[in-house]
Every structure is written in structure tokens, then in C-alpha cells.
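Enquirer: Please model the complete structure; the sequences and the hints are all you need to start from.
Chain by chain, the residues:
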Amino acid sequence: MKALAARRHHRAAPVVLMLLALLLTGGVYAVLAPSPATADTASTANDVEEGDRLFQANCATCHGPNAEGTSQAPSLVGVGAASVDFQVSTGRMPMQANGPQAPQKPPQMTEEQTAQLAAYVASLGAGPAIPTDEQVDGAEGDASNGALLFRTNCAMCHNAVGAGGALSEGKWAPPLYEVSERNIYQAMLTGPQSMPVFNDANITPDEKRDIIAYLLEQRDGSAGGLTLGSLGPVSEGVWAWVVGLGLMIGAAVWIGAKSS
Amino acid sequence: MSENQNPTPGRDVTTTSGAQDPERFTDPGVPAHKLRLTDTDPAARRRNERLVVLLFAISCLGAIGSIVAYFAVRPDGTTEGVRLSTIALGVTMAISLLGIGIAAIHWSKSLMSDHEHVDERHELASSPEVREVAVQHLTDGVEDSGIARRGVLKGAAVSALALFPLTFAVPLISSVGGDWNISKFRHTLWERGTRLAYDPTGRPIRAADLTVGSAAHVIPEVPQEYMESHEWITEKAKAVVLLVRLNPEDLRSDQSPEGETWSYDGIVAYSKICTHVGCPVALYEQQTHHLLCPCHQSTFDMADGAKVVFGPANRPLPQLPITVDDEGYLIAQDDFAEPVGPSFWERLK
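Each protein sequence line maps, in turn, to chains C and X.
Residue numbers for the first sequence follow the numbering used here, beginning at 5 and rising by one.
Residue numbers for the second sequence follow the numbering used here, beginning at 298 and rising by one.
Simulated from the structure, these hints should not be mistaken for laboratory data.
These figures come from a predicted structure and were not determined experimentally.
Check before you lean on any hint, since a few could be wrong.
[Stated by the list, open to error] Here are the simulated PhoX-like pairs of lysine-lysine, each with C-alpha atoms no more than 25 angstroms apart in a straight line:
| hint | chain 1 | residue 1 | chain 2 | residue 2 |
| --- | --- | --- | --- | --- |
| 1 | X | Lys604 | X | Lys533 |
| 2 | X | Lys533 | C | Lys262 |
| 3 | X | Lys481 | X | Lys533 |
| 4 | X | Lys406 | X | Lys331 |
| 5 | C | Lys262 | X | Lys406 |
| 6 | C | Lys262 | C | Lys175 |
| 7 | C | Lys175 | X | Lys406 |
Expert: Written as C-alpha cells, this is what we have:
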């Protein structure tokens with residue numbers, strides 16, 4: 005101690021002290037700092053409470069104060085966190101106006117609020133959980149098997165390459181080009197709106213990942229050239245009849261006209 | 298030009314009064330030849346020549362570009378790579394071909410002679426002399442063959458000619474008519490105790506595994522080897538079923554006859570083949586319980602015996618009677634009670 009006291013007037017003493025102080029502050033901050041919220045953190049009682057508050061403010065008008073459902077909206081007991089995450093993160097809920105179908109729009113809740121709402125609804129009854137990043141990683145999937153499953157289960161509504169399509173009375177199956185992998189997985193798992201449920205017994209988690217892999221491949225477009233929306237005979241027919249035939253008629257008129 | 302086209306100037310031929318119509322319209326003849334700019338102006342002629350040369354030159358560049366594109370833009374296996382290569386080849390090839398075509402037509406239109414020529418049609422019938430000679434040749438030939446005198450020879454020739462077409466007609470007709478067994482349209486692979494399996498994996502379906510709101514595309518459970526056979530494809534096409542699980546209180550009716558239950562705890566299974574023209578009906582809307590056919594928008598209510606609620610279909614989809622076995626797997630009680638798919642003659646109903 006005496007040696008330390010003797011050197012307290014040393015030239016380097018302020019520098020050493022400053023370094024020690026910085027280290028200490030940094031260490032304390034690292035231990036005490038709040039960790040940023042991540043999707044896979046387990047929900048806390050606090051999340052559920054906060055989610056309840058958000059629910060009362062934004063959702064209870066239609067879904068009822070205890071999420072038991074009303075004549076306007078279904079009960080949310082047992083729909084699970086996956087369903088809430090899908091509906092809220094794609095902006096479909098809270099619904100803007102009554103209509104045949106809740107459209108996708110910019111999300112109204114932050115990621116944290118979405119997680120809190122999901123935690124609250126999940127606390128009401130057991131339901132499908134939000135899938136992990138590994139479950140929805142298309143790079144791990146088999147696109148060829150995904151194509152087989154997509155053709156049988158999905159293509160009749162969503163189009164063979166996921167371009168979307170019309171349903172009855174103003175409803176539609178949305179295009180899947182822009183939908184995130186997590187949302188694709190959640191939609192299969194929970195069956196939002198008109199879409200039926202494809203639970204893990206029907207399409208296993210591995211098979212769901214195969215379907216995601218197939219859909220990711222479709223985002224590159226067609227190897228043949230312009231896809232014209234991949235809508236089949238409508239857009240291709242318009243192109244062939246209007247542009248193709250128009251050019252041919254123009255050429256025939258030019259060939260037949262006399263030179264001036 | 299009108300004075301050339303109308304041989305009787307001043308006579309209005311468009312009047313509706315019959316009295317003023319000409320007796321007979323005469324051939325107006327060819328309009329007077331009009332000289333083009335290239336016929337009168339040497340500068341324009343040279344200009345057009347240069348244009349044609351330029352078009353051919355563009356075509357040459359397109360052809361060379363196509364060869365360059367073939368070697369320079371190789372498809373690298375990715376979708377974009379293949380697309381880029383296809384577009385580069387297609388566009389350069391189009392430039393090359395269109396250059397030739399447009400240059401040739403412009404050449405003929407602007408530089409070649411454009412004088413009108415009239416070629417009168419000749420009489421269709423040949424002259425009497427030619428016809429007489431032809432008839433003479435035929436008569437001589439018949440005389441020479443002696444077909445009128447040699448009866449056996451005539452019979453043999455006619456027999457040979459008549460029999461030969463049978464060598465292809467018989468196999469052709471027989472292969473067309475070999476498969477008129479329509480009774481097979483009445484039955485599918487489903488029979489008592491056949492398990493329901495997911496399409497395309499073939500995993501059997503447990504009733505407990507189906508969530509309310511589920512839709513499953515179903516095939517009968519068959520051995521794996523059978524699924525590789527050609528017969529399976531035709532049998533599967535008849536046997537496919539769409540299975541949905543509703544809330545039991547939402548299920549208003551099904552097709553069960555008096556004293557039988559064809560559904561199980563809100564699970565109903567209907568043929569996926571439309572009763573209109575046989576498209577696979579598969580667009581199921583979970584909230585309205587409507588099943589929509591993609592071909593002609595026939596809509597069936599799955600909660601109400603698959604009755605037709607919209608569209609050209611005339612009958613409900615046939616229901617597959619189902620129940621569960623000891624292990625909880627869904628099984629068929631029997632085949633469909635009526636033929637699946639659109640009408641055919643001799644159909645029961």
C-alpha cells in the first residue's frame with residue numbers, strides 16, 4: 005500500500021486511474037444495461053399485462069373485453085401467439101373498416117407491442133406459438149418437395165407460383181412474393197380469414213419449410229422472360245391479341261401500301 | 298384518279314332510285330400509274346438505296362451480336378442468368394431477321410419496278426381436243442388390260458384393294474372401342490375400412506389431429522408400390538376427396554341417409570371432382586364454409602351437404618361416408634353412394 009501511496013504523484017497515475025474508471029463503468033453498464041427485445045424471448049408477466057392494456061385499447065371493441073368474441077369478430081381464446089403475430093405484424097389487425105376481407109396495410113403496432121399483444125392472447129389459452137427463425141429458413145428446405153405440396157394444398161387459391169387469385173364475393177388470396185417467411189409459416193399454421201388451417205399433422209414443420217423454399221425460388225421470376233404477372237391466359241391473351249396481332253396487322257398494312 | 302375509275306364521268310352511281318342506275322357496271326380498269334418519288338428524283342433513289350443497305354447492315358450486326366451473345370452471356374444456372382441469355386439471344390436474332398425482312402420489302406417497294414400487270418385468267422376447262430385425247434388414252438388402257446374379259450383377274454384386283462385398308466382400319470377402330478367399360482366410372486378405390494391419407498404424402502389421417510377450420514386434400518391409403526403404377530394416376534383422379542373440419546354446431550346438414558351418420562364430429566369428406574365438368578374443386582373458404590370451383594365458379598356449401606349455392610353445377614358433390622377405426626384414424630364406411638364427377642349416360646342419378 006505504501007508503494008502505491010508513494011507513486012500517487014507519478015506522471016502516469018491520472019492515465020491509469022482514468023483507464024480503471026472507464027473499465028469499471030463499462031463493466032457495470034454491461035451487467036445492468038437493458039437487453040434489447042427479441043422475438044424469441046419468453047413472455048413475462050409484464051408483457052402479458054402490457055398486452056392486456058393494448059388489447060383493451062385497440063382490439064376489445066370487436067373481440068370483446070376478454071377476447072371472448074362478439075357477433076362481429078371471432079373469439080381469440082386459443083388462437084395462439086402465431087395468429088396474433090401474423091395479423092398484427094402484417095397490419096391486417098387492428099382492422100380499418102368492415103369489408104369482405106381485412107387487407108394488408110402498414111403495421112400499426114411496433115414489434116414490441118406486437119409481442120406484448122401476442123403474449124397476452126397466448127396467455128388466454130394454448131395455441132400455436134411463433135415459429136423460430138430456423139423453422140422458417142427457406143435455405144434449409146427442399147424446394148422440389150415444396151412444389152409438390154404447394155400444388156396440392158395451396159396453388160388452387162394462391163396461383164401456381166404464388167401470384168395470388170380471386171375468391172368469391174370480393175375476397176381474394178393475396179400474392180406471396182412479398183410475404184415474410186415467418187408470416188407464410190404462421191398463415192399455414194393458423195389459417196387466417198378465409199384460409200383453412202394446415203396444422204403440423206397435415207403439413208409437418210419440415211414440409212412447411214419446403215414450401216417456403218419453393219416460394220422463395222419463385223421470387224426470381226421466370227427463366228423464360230417476362231412473367232406478365234404469372235396470371236395465365238388473361239394477361240398473356242391480352243398481350244398476344246393486342247400487341248402481337250396489332251404488330252402483325254401493322255406489318256401487313258405497311259407491306260400492302262404503295263410507296264409514295 | 299376518279300375519272301379513271303369511273304368510265305362514265307358525271308353519272309352518279311350511288312343514287313338509290315332504280316331508274317337512274319346504270320344498266321350494267323363496267324370494269325373500271327386499272328387506275329393510271331402514278332410515279333413514285335424514287336422514279337422521278339435520283340436523290341431519293343440514292344437515299345432509299347442507302348436505307349436498304351443500312352437495314353441489311355443492322356441485320357448483319359444483329360447476327361454477329363447473336364453469336365457474341367451466345368458465347369458471352371452463358372446461362373449460369375440461376376434464373377436470372379438463363380433469362381438474360383434467352384433475352385440476349387432472342388433480341389439479337391429478332392434484329393437480324395427483321396433487318397432482312399424490312400430491307401427486302403422496302404427494296405421491292407421503293408426501288409423495284411411497280412408497274413401493274415394484268416394477267417387474264419384462262420378458261421378452266423381444257424380444250425375439246427385435249428379432252429378427247431385424254432378419254433382416248435383411258436379407253437386404250439382399259440382395252441389393253443382386258444379387265445372386261447378377264448373376270449377372275451378383275452375379282453382378284455378388287456379383293457386385294459378392298460382388303461388392304463383393313464390392315465390399319467381394324468387396329469385403329471378396335472383400340473378406340475376397346476375401353477367402353479363405363480361401369481368403372483361408378484366405383485372408386487374407396488371401400489369399407491380404407492384409411493384416409495394426406496395427398497401427396499400418403500400419411501394416414503387421425504381425426505384428433507385435425508384442427509377446426511382445417512382443410513385436407515385426401516387420397517385413399519394404398520401400398521407405396523401401387524402409388525408408382527400407372528393405374529394409380531387414373532384411380533386417384535376419381536378418388537380424390539376434400540376433407541374439412543367444421544365446428545360441429547356449424548354443420549347444418551350432410552348427405553347421410555336416415556339412420557346413418559356419414560360425418561364424424563364436424564369432419565366431412567366430399568369428392569373433389571366438380572359435378573359440372575369434372576374440375577378439381579378445391580378453393581375452400583374457411584369462414585363461409587364455401588367451396589369454389591376454379592373453372593366455372595360453381596360454389597358448394599360444405600356446411601350444408603355440399604349443396605350448390607352458385608354457378609353452373611347441378612348436383613351437390615357426392616359425400617364420402619367416414620368414421621374412425623380403433624386407432625383413431627379416419628376410415629371410409631363405403632365407396633361413394635353415387636358416381637363422382639359430371640354426368641355421363643347411364644348414370645344412376
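Enquirer: For every hint, state whether the structure bears it out.
Expert: Here is how each hint holds up against the structure:
no. : hint                : in the structure
1   : Lys604/X - Lys533/X : holds, 24 angstroms
2   : Lys533/X - Lys262/C : violated, 62 angstroms
3   : Lys481/X - Lys533/X : holds, 13 angstroms
4   : Lys406/X - Lys331/X : holds, 13 angstroms
5   : Lys262/C - Lys406/X : holds, 7 angstroms
6   : Lys262/C - Lys175/C : violated, 55 angstroms
7   : Lys175/C - Lys406/X : violated, 57 angstroms
When each numbered hint is compared with the structure, violations occur for hints 2, 6, 7.
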